[in-house]
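**Q** Take these sequences, add in the hints, and give me the full structure.
Chain order of the listed sequences is R and D.
Residue 263 in this note's numbering sits at position 263 of the first sequence, with consecutive numbering throughout.
Start counting at 1 in the second sequence, then tack on 1000, and there's your number in this note's numbering.
Hints are computed from structural coordinates only; laboratory data are not their basis.
Treat the numbers as computed from the prediction; the structure is a model and nothing was measured.
Note that the Cβ used here is the ideal one computed from N, Cα and C, for glycine as well.
Careful, some of the hints might be misleading.
As the list claims (entries may be wrong) - Reference excerpt, derived from the structure (chain R facing chain D, CB under 8 Å, subset only): (1) S5; (2) Y6; (3) S10; (4) T32; (5) L35; (6) A79; (7) R85; (8) R86; (9) L96; (10) R106; (11) Y237.
Below are the chains, spelled out letter by letter.
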Amino acid sequence: MRAFSYERVSSIEAAARAAAATDGAKFIAGGTNLLDLMKLEIETPTHLVDVNGLGLDRIEATREGGLRIGALVRNTDLAADERVRRDYALLSRALLAGASGQLRNRATTAGNLLQRTRCPYFYDTNQPCNKRQPGSGCSALAGFSRQLAVVGVSDACIASHPSDMAVAMRALDAVVETVRADGTTRSIPMGDLHRLPGDTPHIEHILERGELITAVVLPKPAGGKQIYRKVRDRASYAFALVSVGAVVQPDGTGRVAVGGIAPKPWRDEAAEKELANGAKAVAAMLLAGARPTEQNAFKLTLVERALSAVLVEAKG
Amino acid sequence: MQSPGALEISRRDLLAASAATVTVVSAHSLGHAQTNASTAPQSTKVTFTVNDERRELQLDNRTTLLDALREHLHLTGTKKGCDHGQCGACTVLIEGRRVNACLTLAIMHEGDSITTLEGLGQPENLHPMQAAFVKHDGFQCGYCTPGQICSSVAMLDEIKANIPSHVTVDLTAPAEITPAEIRERMSGNICRCGAYSNIVEAITEVAGRKA
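**A** Below you can see the structure in the form of structure tokens.
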């Protein structure tokens, strides 16, 4: 691990200012992903701004009938919250499908959204990787790509976004609230937070230097049947090959976001209009323009089948 | 065989490349020194409680909680397995909650109360979970065992606190203690000897005694 300086901050404004003031500074909250990457020197911050003391660890009702989830709410606490279990079961289910008990006790809501890909070539510092070292090439295209993305990819990168929680947040129309270094705030719909790789896969989201996520806001409950189905190589503690997060209403309409197949939670509102016509029709639109490798082409079929299983469960 | 000339050239190229790398690194360091307050401290003082004892340490910022416990406080019951949060051998309790000690910095725990295996029980005064692991042969080599025991003690508290899991059927009903629940909730603790079935039996016995 490279050496770095460290400070604890006690106000949101001070945190954003501190991160913007120092070249190479990063926020640290749970640290479960950042420290892992720092040990491998994939992340090399010069300065860490510890935001754990900011008190952003509450889940509050909003005036609109939704929930404002503090950026520092731990994954365990979010999944166990009574209101989330009752009204946003999809979110509870997605969280509980991810990581281990120990990791969920530390990992935060904001950190979960900003975690990095688990592409094996991103992690292997001996291999070229455009995300880790821009311009060095993509080892995954002709390499081990079973786990990687099939849509939203580019010639520069086929890394997949590893989060389960983010898939649920996308399907639930969550909005990310931030504070910038100059003190201004903004609200970013989940679908706009992450960027597709294009030819700059090292730029993964639209946040500015020093910009801090303060909360994730859920609109009022969507009702319906809420299902998260995750398909993976082990029964527990593994990243998704494919996951489907769905809210299905009694009349058959609904929303669907898919994980494990793209550089961000994958949702296409136009494809959802096909829900009444079955999984095949939805999957065909969701996966339009897919560019799988030989090793991960199975995901195209798997998305359709996982979605089909979700729709059957929704009727039951 | 490669000619000596070719070898010489490739060596020279390699040296030139290395020199270039060094130049880039020092330019970067210089830039950093200019933007950052000349010599920002890279060690920090932290005070926390470990097994009910107050400990004060001045640590290199990079020190994980795991290394602080093992190398600085010589509490070697907590084990280093993968050092990347994948195996669970380093599981300790912070404020009663289980975490991977390898994936958190010691200096992030100012004022926290930490419990390691040594704090749960001692050879002459075993924690019920330790006794159950012995009784049910919940290990072979024993390396993952401290993590398994810390994890399982906190895991039962999580069920008691009605925290659901991936295999909980009804999210609105109280969490139950079943072998399936125990297996799912313990998936962050790997045992390469494969003592899993005995571990589940040990935990089940302790859970039954508690209930």
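**Q** Taking the closest Cβ pair, is R:L96 under 8 Å from chain D?
**A** Status holds, d = 4 Å.
**Q** Hint R:S10 vs chain D: min CB-CB distance below 8 Å?
**A** violated, 12 Å
**Q** Any CB of chain D closer than 8 Å to the CB of R:R85?
**A** With a closest approach of 4 Å, the R:R85 hint holds.
**Q** Regarding the hint that R:R86 lies at the interface with chain D, is the smallest CB-CB distance below 8 Å?
**A** Interface hint status for R:R86: holds (6 Å vs cutoff 8 Å).
**Q** For the hint on R:R106, does the least C-beta distance to chain D fall short of 8 Å?
**A** Where the cut-off is 8 Å and the nearest Cβ of chain D is about 5 Å from R:R106, the hint holds.
**Q** Classify the hint on R:Y6 as holds or violated, based on whether any CB of chain D lies nearer than 8 Å to its CB.
**A** holds, 5 Å
**Q** Should the interface hint for R:A79 be scored as holding, given a Cβ-Cβ cut-off of 8 Å against chain D?
**A** holds, 7 Å
**Q** Was the hint right that R:S5 lines chain D, CB cutoff 8 Å?
**A** Holds - the Cβ of R:S5 comes within 8 Å of chain D, reaching about 3 Å at its closest.
**Q** Just to be careful: measuring from the Cβ of R:Y237 to every Cβ in chain D, is the smallest value less than 8 Å?
**A** holds, 4 Å
**Q** Tell me if the interface restraint on R:T32 is satisfied: Cβ within less than 8 Å of some Cβ in chain D.
**A** Holds, because the Cβ-Cβ distance from R:T32 to chain D comes to roughly 5 Å (cut-off 8 Å).
**Q** Verify the interface restraint on R:L35: the C-beta must sit less than 8 Å from at least one C-beta of chain D.
**A** Holds, because the Cβ-Cβ distance from R:L35 to chain D comes to roughly 5 Å (cut-off 8 Å).
Hint 3 alone, counting from the list given before, is not met by this structure.
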